[in-house]
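Just need the whole structure built from these sequences, with the hints factored in.
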Amino acid sequence: MRARRRVVRAVVALVAAVGLASGCATHDGGTPGAFARAAQEAASAATSGALAVELTGEGRATTNLLDTVLADGLADVLAAETAVAGRQVTTGADADDQQRVLAATDDARAALVEARAWATGGRDGDGAGVARALRDAADALTALADEIEPA
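Numbering of the sequence shown is given in the numbering used here, commencing with residue 187 and proceeding in unit increments.
One should not assume that every hint holds.
Derived DEER-like restraints, expressed as beta-carbon distance ranges [to be verified]: (1) 303 to 275: 16 to 24 Å; (2) 336 to 306: 21 to 29 Å; (3) 244 to 325: 30 to 38 Å; (4) 250 to 272: 31 to 39 Å; (5) 248 to 332: 32 to 40 Å; (6) 272 to 314: 30 to 38 Å; (7) 257 to 311: 19 to 27 Å; (8) 272 to 306: 17 to 25 Å; (9) 282 to 311: 32 to 40 Å; (10) 249 to 296: 16 to 24 Å; (11) 314 to 253: 12 to 20 Å; (12) 332 to 264: 18 to 26 Å; (13) 278 to 250: 42 to 50 Å; (14) 248 to 299: 42 to 50 Å.
No wet-lab data here; the hints were simulated from the structure.
Please read these numbers as outputs of a predicted model, since none were measured by experiment.
Built from N, CA and C at the ideal position, the CB exists for glycine as well.
Spelled out as structure tokens, the structure:
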């Protein structure tokens with residue numbers, strides 16, 4: 187029981203740290219800032235999902251925790267996609283950034299859906315491939331956010 191509490195605390199601490207870091211990574215910055223923040227939020231969701239998959243694969247977290255983290259991650263990615271898609275763009279550069287962020291968040295959403303399929307019975311192995319796909323999506327989103335609006 188104590189080990190489970192430590193794992194849950196570690197996940198909560200990581201999610202909070204990633205959330206704080208992503209919130210500080212950008213300024214108001216108009217449209218580029220909005221796109222960068224959305225990309226960071228989606229990256230945070232994918233990173234949290236990867237950690238939850240890894241912990242579950244190692245037997246250090248429950249399926250219920252995994253499902254909650256993945257469901258919350260999907261909601262966060264969908265919110266980021268909605269914010270980006272709903273933003274009116276006035277320049278060609280903003281339109282290009284909008285499409286790139288939407289493509290990257292779509293990849294993160296697909297990785298989260300794959301992780302949920304793995305979690306609900308399609309498990310093959312320890313989930314290393316699923317976690318890797320989530321981390322790759324998070325890395326791509328973070329790089330894109332940094333490119334759109336450097337710190």
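Check your understanding: Checking against the hints above, which ones are violated?
Key -> 1, 2, 3, 8, 14
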